[in-house]
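J.: Those protein sequence lines, which keep their order, are chains A and B.
Residue 81 in the numbering used here sits at position 48 of the first sequence; the count goes up by one each step and never skips.
Residue 625 in the numbering used here sits at position 618 of the second sequence; the count goes up by one each step and never skips.
A hint or two may mislead.
Facing chain B, from chain A, some residues (calculated, C-beta under 7 Å) [as the list claims (entries may be wrong)]:
(1) G52
(2) A100
(3) R105
So these bits of chain B aren't anywhere near chain A, every CB distance computed over 10 Å [to be verified]:
(4) L151
(5) K457
(6) T459
(7) T460
(8) K545
(9) Y564
(10) V849
Everything labelled a hint here was simulated from the structure, so no lab data went into it.
Glycine included, every Cβ here is placed at the ideal spot set by N, Cα and C.
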Amino acid sequence: MTLAPETTDLKIQLRLEDGWLTVCDLSQLNPGRGVAALLPDGRQVAVFLDRAGRTYAIDNRDPFSGAAVLSRGLTGTHQGRPFVASPLLKQRFDLESGQCLDDETVRVPTYEVRTS
Amino acid sequence: MSTTALGGDRPRPTIVLVGHGMVGQRFLEALAERGLTATHRVVVLCEEPRPAYDRVALTSYFSGKTPEDLSMTDMEFIEKEGIELYIGDPAETIDREARKVTARSGLVVDYDILVLATGSYPFVPPVPNKDAKGCFVYRTIEDLLAIEEYAKTRSTGAVVGGGLLGLEAAGALKGLGLTSHIVEFAPRLMPVQVDEGGGAALLRTIEDMGLTVHTGVGTQEIVVGEDGAVTGMKLSDGSELATGLVVFSAGVRPRDQLARDCGLTVGERGGITVDEQCRTVADPHVFAIGECALASDGRVYGLVAPGYEQAETAAATIASDEAAFVGADLSTKLKLLGVDVASFGDAHGATEDCLDVVYSDSRAGLYKKLVIGRDGTLLGGILVGDAEAYGTLKAFTGSVPPVSPESLVLPAGTGESAQLGPTALPDDAIICSCNNVRKGTIRGAVTEHKCTTVPEVKKCTKAGTTCGSCVKVLGQLVNAELEASGVEVDKGLCGCFAQTREELYEIVLALRITSYQQLLDRHGREGAQGGDGCETCKPAVASIIASLAPTIGADGYVLGGEQAALQDTNDHFLANLQKNGSYSIVPRIPGGEITPEKLIVIGEVARDFGLYTKITGGQRIDMFGARVEQLPLIWARLVDAGFESGHAYGKSLRTVKSCVGQTWCRYGVQDSVRMAIDLELRYRGLRSPHKLKSAVSGCARECAEAQSKDFGVIATSSGWNLYVGGNGGATPRHADLLAQDLSDAELVRLIDRFLMFYIRTADRLERTSTWLERIEGGLDHVRDVVVHDSLGICEELEALMSAHVANYRDEWAETINDPEKLARFVSFVNAPDTPDPVVGFVPERDQIKPDLPLLTIGTRPLEGSAQR
Ligand code: SRM
Ligand SMILES: Cc1cc2nc3c(=O)[nH]c(=O)nc-3n(C[C@H](O)[C@H](O)[C@H](O)COP(=O)(O)OP(=O)(O)OC[C@H]3O[C@@H](n4cnc5c(N)ncnc54)[C@H](O)[C@@H]3O)c2cc1C
Ligand code: SF4
Ligand code: FES
Chain A
34 MTLAPETTDL KIQLRLEDGW LTVCDLSQLN PGRGVAALLP DGRQVAVFLD RAGRTYAIDN
94 RDPFSGAAVL SRGLTGTHQG RPFVASPLLK QRFDLESGQC LDDETVRVPT YEVRTS
Chain B
8 MSTTALGGDR PRPTIVLVGH GMVGQRFLEA LAERGLTATH RVVVLCEEPR PAYDRVALTS
68 YFSGKTPEDL SMTDMEFIEK EGIELYIGDP AETIDREARK VTARSGLVVD YDILVLATGS
128 YPFVPPVPNK DAKGCFVYRT IEDLLAIEEY AKTRSTGAVV GGGLLGLEAA GALKGLGLTS
188 HIVEFAPRLM PVQVDEGGGA ALLRTIEDMG LTVHTGVGTQ EIVVGEDGAV TGMKLSDGSE
248 LATGLVVFSA GVRPRDQLAR DCGLTVGERG GITVDEQCRT VADPHVFAIG ECALASDGRV
308 YGLVAPGYEQ AETAAATIAS DEAAFVGADL STKLKLLGVD VASFGDAHGA TEDCLDVVYS
368 DSRAGLYKKL VIGRDGTLLG GILVGDAEAY GTLKAFTGSV PPVSPESLVL PAGTGESAQL
428 GPTALPDDAI ICSCNNVRKG TIRGAVTEHK CTTVPEVKKC TKAGTTCGSC VKVLGQLVNA
488 ELEASGVEVD KGLCGCFAQT REELYEIVLA LRITSYQQLL DRHGREGAQG GDGCETCKPA
548 VASIIASLAP TIGADGYVLG GEQAALQDTN DHFLANLQKN GSYSIVPRIP GGEITPEKLI
608 VIGEVARDFG LYTKITGGQR IDMFGARVEQ LPLIWARLVD AGFESGHAYG KSLRTVKSCV
668 GQTWCRYGVQ DSVRMAIDLE LRYRGLRSPH KLKSAVSGCA RECAEAQSKD FGVIATSSGW
728 NLYVGGNGGA TPRHADLLAQ DLSDAELVRL IDRFLMFYIR TADRLERTST WLERIEGGLD
788 HVRDVVVHDS LGICEELEAL MSAHVANYRD EWAETINDPE KLARFVSFVN APDTPDPVVG
848 FVPERDQIKP DLPLLTIGTR PLEGSAQR
């Protein structure tokens, strides 16, 4: 989903089993940084916006430390793919697939996210 | 596959491995590499309560490694290869007739191939009361945990055995705070590895460290008190040694009982007898590898490298490949209590007609001996006190070195000494003896497999992954090879920028660039332009922009506009992230001086928010355990009481420590507290390539430890001496004297120039110490630039610093007054009032600590661990 980030009144929504959950306004996201959202069942999701206005959502839990901090990592692009680096021990995670780029055996869940 | 007679209607032949130690694990890896895990069912019986771990590095537990750090077992590997691993379930009987193994749990497994890798057990001499409370051995993680626990209640410990392991154990006891003794039956320490001369040098150094060594005496009896716990030991010379704890380290014996019980052949002095293929001589279906095996050369090897070779040999044989284990080298190198000890090849000069070359300086604890053949061939040697040359010497063993042997043992700088670069080595020289990796293989990793860094080469070749003693030589080889193959080493900051940090600084300053995106899009690497950058260059560029902010016209506030998105999480929340996702708070306490009123405020804030409070190593107070949404509330109180950010989170000035100085101290010659406060207030908030620390001492006694700081100041009767480039941390460095007897104004001007020159030219995350050693010309060059203005830039450096000083604002005061910024300080964007449920605390010593089990709830269980 690509949109000019300056478009106002738009909501960020996550796809859950039973429909879309609105988590915040698009204007609450800063390009290059994330926010954390709490799901009704207690799971935590990290939502990111990149420079081009694309949004991504992955589980907020850092699988290496167990702390819920991935939303506080720095994002970037590596070989054209978006990633976030965990703020604790700096492992990178692909924002589209959740795959850890430093350890092929680790992956975090991803969520479908849209702006509407 | 002659040995894998398929039994009955079982779909795949079964390999059972008994013992999941270091060698067992390597055997599993070798099976997988040869595809045998796909064609066979593999079952592992593991006695210990945890899968294979690095026993060689066992002692590093006492220097902070956790049992998890020591683990050698990747559970994903076990899972992926379909290996059935039974943890805590040892094999109890073997029925060779029926080819069945029965484990303690009652599990029975039919095998086609049985591999015994049961290792050794520590030998405990049969002295009275050897099993008393307070007696331990030193072999497993469980042993160490038990020793650590027991040592808490004792003040003296003794180790029986002065061999390699005994010394390690004694070092560990000393590290646990015990007065430590070593009792060795032989006339010298490490009798197997070193000769008399080496033993003397070792003894001297070990005694200098405060350990008491008793050689030439045996242990006759363990003395126990009324409660049955150890109180001392009787020695063979009639004396008694008072000790509350005893560790037996008198050698190891092969664990061959299981093999004996099922009628396999064992050697006279133990060890399961095997042939060159590591197959037992009694039964073609059974193999034995590692420390439990008696190899075909009649030896039981107590080192991991030969065990690894045996593991490879057994796996190859099972795959019907040619392989043989015909013996191995017993070279060892260790660093014990900071002393290097190494022995290699024919260390004791057993070869006929050989000659010794010895250099010895027992005052300095140095002893080096090389054993040379008649024709000049290097046969072996012993190095004590300085084993720098071990890697190269070992690799030259068996050949005639290109320089004279004498020059190789003389200390560097004595004129005659020669340094042999590893590039002079032949391709078949073994560089990593733990993993049997030759120089040619390492070169191949660079030339054929395109490895460009040491970690890549380690992964590719396994070299350097066990004891680590070869890593230095490895690094030299990799660099030499890269240079030789004309690979231009990319000095760029990261994948986004081809420039160094210094070059980016010059671009930002010259072109007055105030935006990261602009810098990336105009000056980034081709593929990176227009992208989102990365976590390496974003904070580095943010730091450059912040250092230069007033001069280039950027916002001096690190959370202003685009800059907020560039900061590491610590700077982004102006606090330090802790392991459970909470934050710590460090208000600035300039020079370590604080009023009782301010102390009370800190106490009240910590109490009201339930924070853990600790005095830091930087003469101030840290409060831990704040949730992100509490940070603004806490800082509102602190700012109100006159506190400012301490920048404990930033790559910026941390603290300027002080000693009490002339005002109170009878020796003080200057007011060190005032100077420390002045310097801390002058440079607070200055963003730099790495953190900056300072200290000011009131006289040469140096109570503030200024010589370990990036810039340290020591008072003299006529002014101040300025030291630069000091460092604590992992690689401590004493600071160098930059200038003497400076007035207050001269001191400040010189520090201004020094810091700005460092900020301009250092690499990312390069402390002043490493910078000073890296830049061409070193200290002399820096002195020329900042004292003698050889580059004519001093005026500019001073102007940059005065702009910084004039524009300083407190980040926290600015943040709590900005509602838009404050909105970020929430755990959840959609539930701003809900705290993160993973952040919890439990009590400890009347305060809190992170509730770590909370972090594991709901995380993905490690696949494979479900088996048990
Ligand atoms: C809190 C404190 C330990 C304590 O309880 O006393 C501490 C805590 C941390 N130190 Fe330190 N250091 C603390 C004093 C020191 C000192 C002593 C000193 O400053 O006199 C040193 C040695 C001096 C030196 O730096 O040369 C020190 C050498 C390090 C190093 C190694 C630096 C090096 O060049 O080798 C690191 C790692 C790094 O920065 O890369 C480090 C890193 C850290 C980090 C930032 C690790 C991290 O990333 O989480 C810790 C976080 C602080 C926090 O969460 O609040 N800390 N650290 C001390 C804070 C002092 C302060 O008031 O600001
Ligand atoms: C403190 C210390 C320091 C050392 N330092 C060095 C060094 O610097 N360099 C070096 O080369 N070597 C060193 N060693 C020796 C090295 O650790 C061993 O050579 C190596 O671990 C041998 O591997 P292994 O697999 O044969 O035996 P182990 O690693 O001992 O593994 C054998 C495993 O088999 C298990 N087992 C036994 N019986 C059964 C059974 N019936 N059923 C199931 N499981 C069973 C045991 O519990 C054990 O876990 C050191 C050893 C120690 C203790
Ligand atoms: S450094 Fe000198 S002046 Fe300062 S406290 Fe120590 S002895 Fe006193
Ligand atoms: S020699 Fe031990 S890891 Fe290379």
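J.: Are the hints correct? Go through all of them and say.
T.: Okay, the hints, checked on the actual structure:
no., hint, in the structure
1, G52, "violated, 15 Å"
2, A100, "holds, 4 Å"
3, R105, "holds, 4 Å"
4, L151, "holds, 25 Å"
5, K457, "holds, 17 Å"
6, T459, "holds, 17 Å"
7, T460, "holds, 14 Å"
8, K545, "violated, 6 Å"
9, Y564, "holds, 15 Å"
10, V849, "holds, 15 Å"
In this structure, the earlier hints numbered 1 and 8 are contradicted, and the remaining ones agree with it.
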